[in-house]
Amino acid sequence: MLKKLYLLCFLLLPLAVWAQDTYITGNVFDNEQRGLALQDVAVRNLSTKTLVVTDKNGRFALGAKKGDIISFALSGYQTDTVYLTNLFAKNIYLRAAVNTLNTVNVTTAKVSPLLDTKDPEAVAARRVDASKNRGGLRLNLGYGKWRRQQAKEAELEEAADINEEISKNFNKAVIQKLVNYKEKDLDDYIGMYRPTVAQVKTETPFNYTYYIATTFNEWKKLPAESRKMPALPKLKGNP
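In mature numbering (1 follows the signal peptide of the UniProt record, and there is no 0), the protein residues as written are -19 to -1, 1 to 220.
Derived by calculation from the structure, the hints in this document are not laboratory data.
Even glycine gets a Cβ: it sits at the ideal position worked out from N, Cα and C.
Be aware that a few hints might be false.
[To be verified] Derived Cβ-Cβ restraints for the label pairs, each shown as a range:
1) Ser56 to Tyr4: 24 to 32 Å
2) Tyr191 to Asn38: 24 to 32 Å
3) Gln180 to Ala154: 18 to 26 Å
4) Ala135 to Lys165: 34 to 42 Å
5) Leu68 to Lys153: 24 to 32 Å
6) Asn67 to Asn152: 14 to 22 Å
The task is simple: from the sequences and hints, build the whole structure.
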């Protein structure tokens, strides 16, 4: 009986190891306040189309393998992507999105004499619509929250579409064909120079051929030690 148990454990061990190697885990934080964990971050595997969200402590666990591309998106923050060269637990720091408005110089101002004139036909706005035919009072509550949620979902969908476009045009096969370079450290170039969603949105359509040609030459000119992807800090409790 004991021999059978040893045999069963021996047979199940590869399965346990395989299961550990098919998940990526980690935490997502605010880049400025690094102790601030971010909840409800959409963590998407762009290779498998799977999606999870972070919990209240910013933690996530997502099925993945080496070579997959993982995106991190949250309303109010810049979407970030990570090219997986390993499956170690990762800390991700998202930068707050900044909307820059052009400066307007006001040189003159004129106040209309009709500014305070009331419209004689104006009707006071009502927040509550009373209708007998509709069974009583109809309250327009929660619309603002619903609209914000719709905007957030639209933003995440747009980011997902752009990341899918990037994956189709900026991958190992495309780059190898363009620059005729097949060394193993090409993964470092891909991880360091993968275009961001913000970059692609600033130029429509985005010229991937020109981008690859210029950034690859820039990467090749770097010292050998600078061409390596920086190692991410490991989480406590992980080997």
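So does Leu68 sit 24 to 32 Å from Lys153, Cβ to Cβ? Since the Cβ atoms of Leu68 and Lys153 sit about 18 Å apart, the hinted range of 24 to 32 Å is violated.
Take a look at whether the Cβ-Cβ distance between Gln180 and Ala154 falls inside 18 to 26 Å. 21 Å, holds
Distance restraint hint 24 to 32 Å, applied to the beta-carbon atoms of Ser56 and Tyr4: Holds - the Cβ-Cβ distance for Ser56 and Tyr4, about 26 Å, lies within 24 to 32 Å.
Quick check on a hinted range of 34 to 42 Å for Ala135 and Lys165, using CB atoms only. For Ala135 and Lys165 the Cβ distance comes to about 40 Å; the hint holds.
Cβ distance range 24 to 32 Å for Tyr191 and Asn38, holds or violated: 42 Å, violated
Just to be sure I understand the hint, the distance between the Cβ atoms of Asn67 and Asn152 should be within 14 to 22 Å; is that true here? Given about 18 Å between the Cβ atoms, the range holds.
Checked against the numbered hints above, the structure violates hints 2 and 5; every other hint is satisfied.
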